[in-house]
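For reference, the chains in residue letters:
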Amino acid sequence: MTPPRRLLQPNLLFSLWLALMSVPLGAAEKDEPPALQLKIGTILATNQADCLDSQLSKMKPQLEVIKYRCYRLIREESKKSSWQANTVFEIPGGRSLVVVPQELRNNRISLKVRLLEGEKPIVDTTVRFPNKGNFLLGGPAHEGGVLILSISAMTAGQ
Amino acid sequence: MRSHEEIKSSLGAWLDGELAAAEAAEIQLHVQGCASCLGEKARLEKLESSLKNVLETEASQIAFEPFWAGVRRRIAEEKSWRARGLDWARDFLTLPRLAWAIPVAALVIWFGVFSSWDWPFNSTNQAAVESIDGHGYNVALLREAKTKTAVIWVFDNQESEDDSATTPAAAESAF
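One line per chain: the protein sequences are A and B, in this order. Heads up, the first sequence is in our numbering, so the first residue is 1 and it goes up one at a time. Heads up, the second sequence is in our numbering, so the first residue is 1001 and it goes up one at a time.
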């Protein structure tokens, strides 16, 4: 049967090429996870008036679960981070956020996060979320409202 | 100009009217002056006549009705889902199609395992909170419905006693 043989040969060569290409790429990801870019957005939520900072328009659906009337982005900071290393972000009100990237698995990033007020820990948590995703940590009082931290991470080069 | 043997072998086709006009005329001319060919022509005509007679007399005696009844029964008979599935699989899983399935599968595996391609089912922002310690504060875990974003809300103990503090906005944090 001539036609199947004619079809099989390029397909099998293509499959072989893909398999060979996959080995070094896969090994690289397994041995050495890429560096991580962390971004912390500090949002002040109040009930004084209805408002939404234009920089937060993409986050509007996420903020809807938090029933405040006004959201303003008061600080945004990005830092490159290493795995298993502390990265400290300054948070308004004498607070700080310590982020320790734990691992990258199945394109999901695990972060250990500690929020401190001075030296006093407020919350410790470990959260796993999709690469380029985020989660929110809120509650600390600030200037008549509360602070909401948007904690996001993505592997470098994304 | 055809030889005698060639003309003799074409007699059947000539009698059946299968030849072109010029060819037929050439054969007719030869046959008129060839005793052997005339004899062959007569033999073929007799054979044709005999066959015709036999078919006309015997055909009425052949029982076609059971044959047609069987055909109608098989057409009307619905195949089982299993038979239909097997037929479909036989038609679909042809060798060229299976050959293309190999690189397609390889491509899917390559993207899924070795690249940072977002799978459709990973397109939400679904986070898993693996551990949480409020160090004496109360902690609520909320999840936004549309993007599945996780929200960790920290509030102090006094507010937890207030039954109205069901949403973060109501639970004005004071630490």
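Some clues are possibly wrong.
As the list claims (entries may be wrong) - Derived pair list, reagent style BS3-like, types lysine-lysine, alpha-carbon separation capped at 30 angstroms:
| # | chain 1 | residue 1 | chain 2 | residue 2 |
| --- | --- | --- | --- | --- |
| 1 | A | K58 | B | K1008 |
| 2 | B | K1052 | B | K1079 |
| 3 | B | K1146 | A | K112 |
| 4 | B | K1146 | A | K67 |
| 5 | B | K1008 | A | K67 |
| 6 | A | K132 | A | K67 |
| 7 | A | K132 | B | K1146 |
| 8 | A | K112 | B | K1148 |
| 9 | A | K132 | B | K1148 |
| 10 | A | K112 | A | K80 |
| 11 | A | K39 | B | K1146 |
| 12 | B | K1008 | A | K79 |
| 13 | B | K1041 | A | K39 |
| 14 | B | K1041 | A | K79 |
| 15 | B | K1148 | A | K60 |
| 16 | B | K1148 | A | K58 |
Claimed, not checked - Computed footprint of chain A on chain B, listed as stretches where at least three residues anywhere in the stretch have a Cβ under 8 angstroms from a Cβ of chain A:
| # | stretch |
| --- | --- |
| 17 | 1062 to 1069 |
| 18 | 1129 to 1139 |
Claimed, not checked - Sample of chain A residues at the chain B side, in silico, Cβ under 10 angstroms:
| # | residue |
| --- | --- |
| 19 | Q102 |
| 20 | L115 |
| 21 | R128 |
| 22 | P130 |
If you are wondering where the hints come from, they were derived from the structure by calculation, not from laboratory data. Note that the structure is a prediction, hence the values are computed from the model and not measured. For glycine and all other residues, C-beta sits at the position ideal for the given N, C-alpha and C.
Consistency of the hints with the structure:
Restraint check for A:K58 and B:K1008: not satisfied, since their Cα atoms lie roughly 94 angstroms apart, outside the 30 angstroms limit. Only pairs whose Cα atoms come within 30 angstroms are accepted, and B:K1052 paired with B:K1079 is rejected, the gap being roughly 42 angstroms. For the hint pairing B:K1146 with A:K112, the CA-to-CA distance comes to about 25 angstroms; that is within 30 angstroms, so the pair holds. Only pairs whose Cα atoms come within 30 angstroms are accepted, and B:K1146 paired with A:K67 is accepted, the gap being roughly 15 angstroms.
As the CA atoms of B:K1008 and A:K67 are separated by approximately 106 angstroms, the hinted pair breaks the 30 angstroms bound. For a cut-off of 30 angstroms, the pair hint linking A:K132 to A:K67 stands: about 25 angstroms separates their Cα positions. This hinted pair checks out: A:K132 and B:K1146 have alpha carbons roughly 17 angstroms apart, not beyond 30 angstroms. Distance restraint check for A:K112 and B:K1148: the Cα-Cα separation of roughly 20 angstroms lies within the 30 angstroms cut-off, and the hinted pair is therefore satisfied.
Proposed proximity of A:K132 and B:K1148 is supported: the alpha carbons are some 14 angstroms apart, at most 30 angstroms. Restraint check: the Cα-Cα separation between A:K112 and A:K80 comes to about 15 angstroms, which is no more than 30 angstroms; the hinted pair holds. Distance check on the hinted pair: A:K39 and B:K1146 sit about 22 angstroms apart at the alpha-carbon level, within 30 angstroms; holds. For the hint pairing B:K1008 with A:K79, the CA-to-CA distance comes to about 101 angstroms; that exceeds 30 angstroms, so the pair is violated.
Annotation: proposed proximity of B:K1041 to A:K39 is violated, straight-line Cα distance about 103 angstroms (limit 30 angstroms). Restraint check for B:K1041 and A:K79: not satisfied, since their Cα atoms lie roughly 105 angstroms apart, outside the 30 angstroms limit. At roughly 13 angstroms between alpha-carbon atoms, B:K1148 and A:K60 fall within 30 angstroms of each other, so this suggested pair holds. Proximity of B:K1148 to A:K58 is assessed by CA-CA distance (about 14 angstroms); at most 30 angstroms being required, the pair is judged to hold.
Counting residues of the stretch 1062 to 1069 of chain B whose CB lies closer than 8 angstroms to any CB of chain A gives 0, so the stated coverage by that chain is violated, three being the minimum. Only when three residues or more bring their CB closer than 8 angstroms to a CB of chain A does the claim for the stretch 1129 to 1139 of chain B stand; here the count is 9, and the claim holds. A cut of 10 angstroms between beta carbons decides the hint on A:Q102: the least distance to chain B is about 9 angstroms, and the hint holds. Interface hint at A:L115: satisfied, since its Cβ lies 7 angstroms from the closest Cβ of chain B, which is below the 10 angstroms cut-off.
The interface hint given for A:R128 holds, since its Cβ lies 5 angstroms from the closest Cβ of chain B, which is under the 10 angstroms cut-off. Here the hint on A:P130 is kept, as its CB sits about 6 angstroms from the closest CB of chain B, short of 10 angstroms.
Hints 1, 2, 5, 12, 13, 14, 17, counting from the list given before, are not met by this structure.
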